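A.B. asks: In the order they appear, the protein sequences are chains A and B.
Just so you know, our numbering puts 196 at position 196 of the first sequence, and the rest follows in order with no gaps.
Just so you know, our numbering puts 47 at position 47 of the second sequence, and the rest follows in order with no gaps.
None of these hints come from the bench; they were simulated from the model.
Heads up, some of the hints might be wrong.
[What the hints assert, rightly or not] Each computed BS3-like pair below joins lysine-lysine, with the alpha-carbon atoms no more than 30 Å apart: (1) B/Lys241 / B/Lys434; (2) A/Lys60 / B/Lys379; (3) A/Lys89 / B/Lys430; (4) A/Lys336 / B/Lys447; (5) A/Lys81 / B/Lys447; (6) A/Lys259 / A/Lys329; (7) B/Lys434 / A/Lys89; (8) A/Lys76 / A/Lys89; (9) A/Lys336 / B/Lys401; (10) A/Lys89 / B/Lys401; (11) B/Lys91 / A/Lys81; (12) B/Lys70 / B/Lys101; (13) B/Lys257 / B/Lys379; (14) A/Lys337 / B/Lys434; (15) B/Lys249 / A/Lys302; (16) B/Lys163 / B/Lys284; (17) B/Lys381 / A/Lys89; (18) A/Lys81 / B/Lys249; (19) B/Lys91 / B/Lys49; (20) A/Lys76 / B/Lys249; (21) A/Lys259 / A/Lys206.
The structure presented is a predicted model; accordingly, all values stated were derived computationally and were not measured.
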Amino acid sequence: MPRLSLPVLVSGFLLGLVLSWSLISGDAQGRVNVLQLVAIYIILPIASLVFSTASLMLGKSWNFARLASIFPFWSKEYQQKILRVTQQKHAKWYFFYQSQAAALSFSCASLLVLLMLLISTDVNFVWRSTLLSAEQLFPLLEFLAKPWSFWSSAQPNLELLKSTQDFRILSQNGLVNNFAGWWQFILGAQLFYAFLLRFISIVICKVAFKVINGKPDSIQLMTTVRTQSSVATESQLATTVNNIESDFSLNNWCGVDNKLLQVILDKLEFSQSDEIFAGPLASHTDQMIAERWQKTQLLIVKGWEPPLAELADFMQNGMGYLLPLDWDKNGLKQLKKEHLDEWRRFIFQLPQWKLLQLE
Amino acid sequence: MKLNPSRASFAVVGHPNKGKSSIVSTLARDDSILISQRSGTTTNSDHYKIDTGHAGFELVDTPGFQRPKKVLYWLKQNAQRADQRSLAIEKFVSDESCKAKFPDEVELLTPIVNGAAILYVVDGSRPYGVEYEAEMEILRWTGRPSMALINPIENEDYVESWKSALEQFFKIVRVFNPMQADFSKQVSLLDAFSHLEPNWRGTLAQVIVDLKNHQHSISLQSSELLAELLIDLCGYQYQQKVLSESQAKALQPMLSKHYNQWMIERERKAFDDLCQLFSHNQCKLESEDISLPPNLFDSEQWYMWGLNKKQLALASAMTGAVTGAAVDLAVAGHSFMLGAIGGAALGFTSAWFGADKLVQTSIKGLPLGGYQACQGPIKNKNFPYVVIGRFLYLFEQLKSKNHADRNAILMSESDVSENKLKIKIDKMDKADVKVLHVACERLVSQKAVEDLEEVVGKLLG
């Protein structure tokens, strides 16, 4: 919701103050023309509301606030602010909103002036017209007063209308009390046409701003039902060795084919001796035998696969060298650093094992 | 905890380090999900509820299989016939000794037992291995709807061999790279999910509609962000009131520093907002700050309330006219509007001729006039295009960046060169190009541009 513009509010207030004071203070006899008050408290608010609403719906939203904004005497800061607002998508509503607030401010000033003058001076409400008679005017005033029909003393009546008609050429012969009789009607007109309608339009503006600024169809992403897994802590890395110092039993855990196996053995300058079978490809019986194996092993695993708990369980009982390998269709290849680090972290937990790297 | 049967729920399972968390991150459009190259990062089944406004689904990021062979052995001991297999799985996840011996498998199988469908993830850049068969067999035993996703982490060398193996175990097999899959591929995958379980078709169809609407709304909101950024950067001026012209000039370095800082921070804020719009909340952007033209300093005289001479004269004329009009009204028009006319004339004349005296005048020590040192706004006609080019580059990067991709976005001078923007502008409709040029011209001339977001929206598509 944008903030109310102080200059626009003050302008509305001053306008209401000046206009109401100059009209309600009346002439030398304190006579105030009720028809002029009807013009500024009923016709002006309705006309301006209709115009500004129509302009909001159909055009560029011309209204008091937009008109005020184009006057050249505003300071640079304020002009920049207005320039920014004018370019925003809710500019039309912004100016409409400010105008409604200015109208409300106008009404406040008018009400203040009316009450002040009613208290501090004798305001004589009269009406003058060359063309209209009391009988012709009465239905219009009665219609205008319909919204506050529950407030009987604020309703116009024909007798009052007749008795307060003023002719400047004639001396006034009505009862003095009758001249004050219109103040409740005027107050009712101010409260309904100036206050209530503007208040409603401000509420509509607030709703419009909410709709305009509401984000359409945004995804509300995820609620973690359970706590997220914790971040792995830093752990130490084991060093690697490049050759095997003793005889070993070959444990081809990952099922490397014979051709590749021969390449590995050649690189290590060893000819194969014993072979044990464990891992995903081994039978249950072979696995049981391998788990009890006490000699040094050369355990060959797929280097790109992370070490599983299944392997860790097996290695708890044995000892030897772990050789993680990487290969593709063309043969052996260098193990990636992140994969090697994974194995180094793993072996660090198993001191009876060494991490072997082929040169 | 039984899952809501009407809500589509998928347990993402597989070997460790095969991109399960990446897939969850991309599909959930959330970059806060922990992704690590270290295995065993996911130790619990993490449930993510994705709400798209009118529908939703749930993804469960599970720990990888650790002892599949032993688990399958246990299951075989507990189910001799096919009709006993799913019961054996249920028994397995509730058995206390199994929880102690096989915590990872219990954790990953629990959501499946509770009703989630299976998304089994493998790495298509590495050769197929027989060791995977134990875990695929375990998943088959659950009897739940299942789909296999081949994630080509490094390349697609072994995708075909994986396909032929996986098709024997899974109803649907798809290749899905969570780092590169564009929006249409993500939608296509969600569409495939709906074939797993007929009860979820409606809700997943709505999820797809919601996601498409969301994409559209991101474009609209991005246009708004760009429009606001352009208005701010092209219109910003930093000013300070001082008593003399020499004081104004002395302030130039300070004003320039403040101005540049504000402009850079404003652009950064727009970039952050854009990242958040795409739900890339953790995204890092490595770019050079926007370069601003030199010589943006100016100083001018001011009078009361910061008005210049012309403004002061006009304001005084208006005030005089209003006061005079009040007098006219008070005398019921007998003055023939002379009050308003006279008031306006008096106000204008006194302000015009008395303005210079105001500069030297002060009330209770407060001066009524002086000088104003100003930095900005930028009048360089090329500047709006620089702003648009940088924003557009980031927009396109974010649009194609998946939430599993945690690399920083790099923005170099060549990435946001004028030529690149020109190529994009040239692809636009001629009428739209004209509107864009007029809008940029008006921006640097400090004139209002209405519907700017629509104008720049054409560039963002």
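A.B. asks: Checking one constraint from the list: CA of lysine 336 of chain A to CA of lysine 401 of chain B, max 30 Å. Satisfied?
C.D. replies: Distance of about 26 Å is within 30 Å: holds.
A.B. asks: Would the pair lysine 337 of chain A and lysine 434 of chain B pass a check requiring their Cα atoms to be no farther apart than 30 Å?
C.D. replies: violated, 54 Å
A.B. asks: Holds or violated: lysine 60 of chain A and lysine 379 of chain B, Cα atoms, limit 30 Å.
C.D. replies: Given pair lysine 60 of chain A, lysine 379 of chain B holds - Cα atoms ~27 Å apart, limit 30 Å.
A.B. asks: Given the hinted pair lysine 89 of chain A and lysine 430 of chain B, is their alpha-carbon gap at most 30 Å?
C.D. replies: holds, 24 Å
A.B. asks: Going straight from one Cα to the other, do lysine 81 of chain A and lysine 249 of chain B come out at no more than 30 Å?
C.D. replies: Distance ~25 Å between lysine 81 of chain A and lysine 249 of chain B Cα, so the pair holds.
A.B. asks: Holds or violated: lysine 89 of chain A with lysine 401 of chain B, Cα cutoff 30 Å?
C.D. replies: Holds: lysine 89 of chain A and lysine 401 of chain B sit about 29 Å apart, inside 30 Å.
A.B. asks: Is the hinted pair lysine 259 of chain A and lysine 206 of chain A satisfied, with a Cα-Cα distance of at most 30 Å?
C.D. replies: With Cα atoms ~79 Å apart, lysine 259 of chain A and lysine 206 of chain A exceed 30 Å; violated.
A.B. asks: Given the hint that lysine 434 of chain B pairs with lysine 89 of chain A, does the C-alpha gap stay at or below 30 Å?
C.D. replies: The hint holds at about 21 Å.
A.B. asks: Within 30 Å, alpha carbon to alpha carbon, are lysine 163 of chain B and lysine 284 of chain B?
C.D. replies: violated, 36 Å
A.B. asks: Need the status of pair lysine 259 of chain A, lysine 329 of chain A: alpha-carbon distance at most 30 Å?
C.D. replies: Given that 30 Å is the threshold and the Cα spacing comes to 12 Å, the pair holds.
A.B. asks: Hey, lysine 76 of chain A versus lysine 89 of chain A, does the alpha-carbon distance stay inside 30 Å?
C.D. replies: holds, 22 Å
A.B. asks: Keeping to a limit of 30 Å between CA atoms, is the pair of lysine 76 of chain A and lysine 249 of chain B held or broken?
C.D. replies: With Cα atoms ~19 Å apart, lysine 76 of chain A and lysine 249 of chain B stay inside 30 Å; holds.
Taken one by one, the earlier hints fail for this structure at numbers 1, 4, 11, 14, 15, 16, 21, listed in ascending order.
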